[in-house]
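This is what each chain is made of:
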Amino acid sequence: MGILLAITPWPAISALFWIVLAVAVLYLARHTAHQAIHITATALSRGLRIAAHSVGRGEAKLAARNREVLLAAGREAKERIVEREFVRVGESVRKDLANYPALHRALSESIARIEENHQNAVDVPPEAPGWVRAVEAVAEIDARKGGTEVLEDIHKSLVRAHKEAMEAYRAASSERHGLLRKMMPEWRVVLETLGYVSKSVESILTRAVAVDRHMQEYEDIVRGQDRAVSTLSSSSIVQFFVSALVLTVAIGGAAINFSLIARPMAEMVGGTSYIGSFRTANVAALVIIMVEISMGLFLMESLRITRLFPVIGALPDKIRVRMMWITFAILTLLASVEAGLAYMREVLLQDELATGALLRGENGGGLQNEYLWITTVAQMGMGFILPFALTFVAIPLETFIHSLRTVLGLAGIALLRFIALVLRVLSSICRHLGTLAQRLYDLPLFVPLWLEARMKHRSDTSSDLETASEVRT
Amino acid sequence: MKRVASILAGLVLALGACAPAAPRNTGVYLLLDTSGTYANELRKAETIILYTLARLEPSDSFAVARIDTGSFSEKDIVAKATFDDRPSTANTQKRAFAGEVRQFVEHSESAQYTDISGGLLQAIEFLNEKHPGRKTIMIFSDLKEDLAKGYVRDVPLDLKGFDVVALNVTKLRTDNFDPKEYMSRVDAWKAKVEQGGGRWRMINDLERLDGLL
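Protein chains in written order, with this note's numbering: chain L, 1 to 473; chain C, 474 to 686.
Bear in mind the hints are in silico, worked out from the structure with no lab data behind them. No residue lacks a Cβ here, since even glycine has one placed at the ideal position from N, Cα and C. Accuracy of the hints is not assured; some may be wrong.
Claimed, not checked - Short, incomplete list of chain C residues facing chain L, as computed with Cβ under 7 Å:
| no. | residue |
| --- | --- |
| 1 | S561 |
| 2 | K567 |
| 3 | L686 |
To be verified - Beta-carbon label-pair distances, calculated as ranges:
| no. | chain 1 | residue 1 | chain 2 | residue 2 | range |
| --- | --- | --- | --- | --- | --- |
| 4 | C | K644 | L | E352 | 35 to 45 Å |
| 5 | C | A495 | L | V422 | 41 to 51 Å |
| 6 | C | R674 | L | V422 | 38 to 48 Å |
| 7 | C | A495 | L | E352 | 20 to 30 Å |
| 8 | C | Y624 | L | L353 | 43 to 53 Å |
| 9 | L | L353 | C | A495 | 23 to 33 Å |
| 10 | C | E547 | L | V287 | 42 to 52 Å |
| 11 | C | R528 | L | R320 | 51 to 61 Å |
| 12 | C | R674 | L | R360 | 22 to 32 Å |
| 13 | C | T643 | L | V287 | 28 to 38 Å |
| 14 | C | A495 | L | V287 | 19 to 29 Å |
To be verified - Counterexamples of contact, computed for chain L against chain C with all Cβ distances above 10 Å:
| no. | residue |
| --- | --- |
| 15 | H53 |
| 16 | K95 |
| 17 | M166 |
| 18 | S200 |
| 19 | D212 |
| 20 | W373 |
| 21 | R405 |
| 22 | R417 |
| 23 | C430 |
| 24 | K456 |
So here's chain C without its partners, still in its complex pose (with noise of 0.2 Å):
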């Protein structure tokens, strides 16, 4: 009776091993604002890309997209991976990866409109096609949006299980006038993520980027 038991119970940890189990890799899609001033802090931004390039394993996937005047769009995604599950194709990936951004930042140019929210839109359109186990949606930007006429972006964000990331939000000039404006700015996207359903953080000091990912 205890040899039939142990097998059974064998048999049930051998099927539990064989149950598919639930995706443990990281989907991130970083948003590069371009527009106006702003397209002179893509340096940073490089900095960040690399960073996430080293912090990020195989089987993980990364997109980075600009954001212009009508950024819900595969057009706007500058480079784009699946890393390999071979450690070494993945770094030979990376490599790659590296290379496309840092041409970007080199001949980028700069944008009359920023459609953060099409990007958005276009970021968990990306992530949720990928069924990454987490999803993380980097926004470098100052948060400032400015449609183009024309444009519809009155859509609810479905951000179910999203990290939203806000990074390096520099202040406007109009921002030091009145920082009331900056705030509200700031907010107005917190609580637009948090009604989606994501989590709304912040970094503008990107030497600790830490906890990042």
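Extracted from the complex, chain L is given alone in its bound form (with noise of 0.2 Å):
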């Protein structure tokens, strides 16, 4: 910086012949300059461009592999439903109209009964008397000539025979009621059947109603539109964090199965063997738990409840039922011996809190508690039950497995998005800074292009004078 300073014996002089000669070759080299930031901007805002582009590619990409997994699996859960809805249709099918031919039997006897009664209880008419010309003759006569007596005799008869008549029709009525009596209950007999009937039909259209939902929804699948892939993608995170949460508490069953079984295993695979870093006891436990979860999934694989291992699923129902059996045997063994290490550990617990007592030197080898039973039962009852209860995590597994594989790809595409935005803004600055930097470049120059500028317009003046006047002339 001396040695700068030092070509003139005034240093401001030389500072000003330095500054005149930078700014000199940096206005002869301005236009190279600026070219040269313009390329080195431009390279790389395109890079970055082409970068956020080929990520979005990427991204695109993934949506569309992302949307096909999320209708296949929809298409799949939908096909199971819409397959379990066919299974109960026919079940109610099968249940309700398998009696219908004696509940038609049964409707058909009573409706012959209730015709049979009808007919008997129909109202005949009484005839029309017979006597009534011969009252109309008998009126005729004349009084005086002893038609008086032969009306009295009539009337007699007649009073005689009107009771008769009324007799007979009071118990021609009374047979008629009695018939219609016994109609009632073929009524109620007929109502209930045709009610039975109702029920069987209005569940069977309910069901078919479901059906046809289920059916629309898997059409909309098929068809791939976008409600049916937003609704699936909502339904399939909302699973995510379900099943996730399911798992954090059968995680902490799987814990505290831990605790009740790896101490007892030291007695015994030994207390002080290692696997690597890891105590044999605890690798032991471990091993029994994750045996168990295994069977468990065996289990429900075998019952068709979960469909991890299509081969599972795919086997003759026959050997499917055998497996069946088997791992419910051996889940039952392994939560026996469950059971027996709970109660192992309760023993090992008061031998060692009565060594513990001896060797602080106390006399009472240990508090002896008469309620100590009540524990000693409640960790064999949770030894035994954890076990099956950690098979029914297959369930949660299988629903956070599929989940899982659309909630990634969900992540994976916002991921992308943001790295694509991120290049994009990138690319944006680049280019700003490129003309920033030009313009900095030009700071220091301010003077020349100053001069530049007001030359430039006394020329533009000048020639734009000639043209008028040539104009003119």
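Both chains are sitting in their own frames, so use the hints and assemble them into the complex.
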């Protein structure tokens, strides 16, 4: 620095000289420098834009793939639901309509009986009295010629006949009423039978509506409609979080199970042997729990509740049922072993407490608790129940695995979208930085640039004047 | 290719797991000074023994030996045990061990001489034979060695990998007149242990045995 300022006896003059020189050099190199800055900024910007474009294409591919996976999963799930609905409809039809011939026969018999009773209960109108004409003839007889006696006799006969007719009519009416009364239970039977048929038909109709709805959704999925994809996607995310929550609870259960059997395992495999850096007893306890979970998975697969292993689902029914019983038996055995180990744990704990008390010089040899059996029984119960409870882990595990694929896909899409955005922003920043660098380059050259602008303006003005004069001439 | 690599990695891990691991157990040898008036301190020693028993795990080894005229002998071992791998059996062994020690404390007689070096040699031999992961020798003594005529103990001690802990190093009557005697005695033992490659510690407060093992 000192050398630079020492080229003249006056440092200020030297500095001014160098500044003028630098400005002159920068001005002369201005065009080239601007080009270099522009090319660099444009290259960076374009590179970043291309990268953003590639990432965007990757995102689109991933989204398409995710959509396919989602639709396939949704289609499979919907097929299972529709299949189950059909099975239910089939069962309903089999159960309800299998009795239909009997119902029909009962209904027909009831109707036949009603018809018969109805026929019998028809009201027969009383015959028109034959003596009406006789009465008319008698009425025309002169009373003085002895018609009075005749009329009295007729009156008596009429009264008697009327009485008899009324009695007969009443008897017939009573009989008809009896028959109609007998029809009432038959009507009730018919009503009940029809109600039963109506209920069965309504159940089938409800199922048919559900099947229709599922089929509509299935068709939407098959057509790949956006609405279906959106529904499946949100459903998948909800399933992911719910299954993750249940799995966390299951892990807690497995941890308790582990603590129940790890200590007594030391009695079986030794308390001080190690596999790598892990105690063999702990590894053995963990293996037992893992075997239990595996058996639970196989049991659920054999029951066709889950479908993680298509091979098991595709087995012939006979082998599948056999496998189900075998896994259940192994699970029961392991649960019994765990209950035994839980009991052993309590015994060991008491032994350890007694030894500790002895070594501390306490005479009691450990506190004798009369309610100790409660904790022992509780531990044994937990040891027996937890393996069966862990069996149900298969259901959330299947949901978790299936939904994980979708959730990872969505997370990947979001990540790629973010990267693409960042790259686009960086590309824009590079372009603007290039412009800014050009302006900053020009900043110390404001004097020559100003002079250049003035000169250019002057030359433009003079050329305009010349053009104007030429036009005038 | 990826599958082959993962299988190979699994095999390597499995082989690593099968390789013999370094021993993790502990070996403890406690030397009890029974000479002169120090024999009266044995009740305190019993507390230390019980504390040590409570801290030891299955597969650990523990021996208690007395320091007398000639301590380089198996006959001076009062009780010894290598605890079983199974915790319940180890507990039974611990109870039996505590019983043996209690019997010794009740019936011990004071020795005429104090052969600490002989006891240390016996401790080294015992612990090396057991191959524990950690080796600790505890000396419950005032550290005043008093050899009988004819006993040669200028043998270098090979204490590499050993922790030597001096416990309850009481002051003698003469130490009260000249404390330098006590200090030089402790320093001499410290130097001897460290020259042999061991680590030296001293704990006189028997109420705070947390860092003993």
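Now the hints, each set against the structure:
About 6 Å separates the beta-carbon of C:S561 from the nearest beta-carbon of chain L, less than 7 Å, and the hint is met. Interface hint at C:K567: satisfied, since its Cβ lies 6 Å from the closest Cβ of chain L, which is below the 7 Å cut-off. The beta carbon of C:L686 is not positioned within 7 Å of any beta carbon in chain L (closest approach about 14 Å), and the interface hint is therefore violated. Between C:K644 and L:E352 the beta carbon distance is about 39 Å. The supplied range of 35 to 45 Å therefore holds.
Checked against the hint of 41 to 51 Å, the C-beta distance between C:A495 and L:V422 comes to roughly 50 Å, which is consistent with it. Distance hint check: the CB atoms of C:R674 and L:V422 are about 59 Å apart, inconsistent with the given range 38 to 48 Å. Judged by the Cβ atoms, the range 20 to 30 Å given for C:A495 and L:E352 holds: they are separated by roughly 27 Å. Between C:Y624 and L:L353 the beta carbons are some 46 Å apart, a value that agrees with the proposed interval 43 to 53 Å.
For the pair L:L353 and C:A495, the beta carbons lie near 32 Å from each other, so the given range of 23 to 33 Å is met. Take C:E547 and L:V287: their Cβ atoms lie about 43 Å apart, and the range 42 to 52 Å holds. In this structure the supplied range 51 to 61 Å holds for C:R528 paired with L:R320, their Cβ-Cβ distance being about 55 Å. Separated by about 24 Å at the C-beta atoms, C:R674 and L:R360 satisfy the suggested range of 22 to 32 Å.
At about 54 Å, the CB distance of C:T643 to L:V287 disagrees with the hint of 28 to 38 Å. A hinted range of 19 to 29 Å for the beta carbons of C:A495 and L:V287 is consistent with their spacing of about 24 Å. Against chain C, the non-interface label of L:H53 holds: every CB pair exceeds 10 Å, the least being about 30 Å. Listed as outside the interface, L:K95 is consistent with that label: its C-beta sits roughly 52 Å from the nearest C-beta of chain C, beyond the 10 Å cut-off.
Residue-level check passed: L:M166 sits 108 Å from the nearest beta carbon of chain C, beyond 10 Å. For L:S200, the non-interface assignment is confirmed: its Cβ lies about 57 Å from the closest Cβ of chain C, beyond the 10 Å cut-off. The Cβ of L:D212 sits about 47 Å from the closest Cβ of chain C, beyond the 10 Å cut-off, so the non-interface label holds. Interface exclusion of L:W373 from chain C stands, the closest Cβ pair being 20 Å apart, more than 10 Å.
With a least CB separation of 20 Å from chain C, L:R405 remains clear of the 10 Å interface cut-off, as annotated. Listed as a non-interface residue, L:R417 keeps its Cβ farther than 10 Å from every Cβ of chain C; the least gap is roughly 29 Å. Look at L:C430: its CB is around 38 Å from the nearest CB on chain C, clear of 10 Å, so calling it non-interface holds up. With a cut of 10 Å on Cβ distances, L:K456 stays outside the contact zone with chain C, its closest approach being about 67 Å.
The earlier numbered hints that this structure contradicts are 3, 6, 13.
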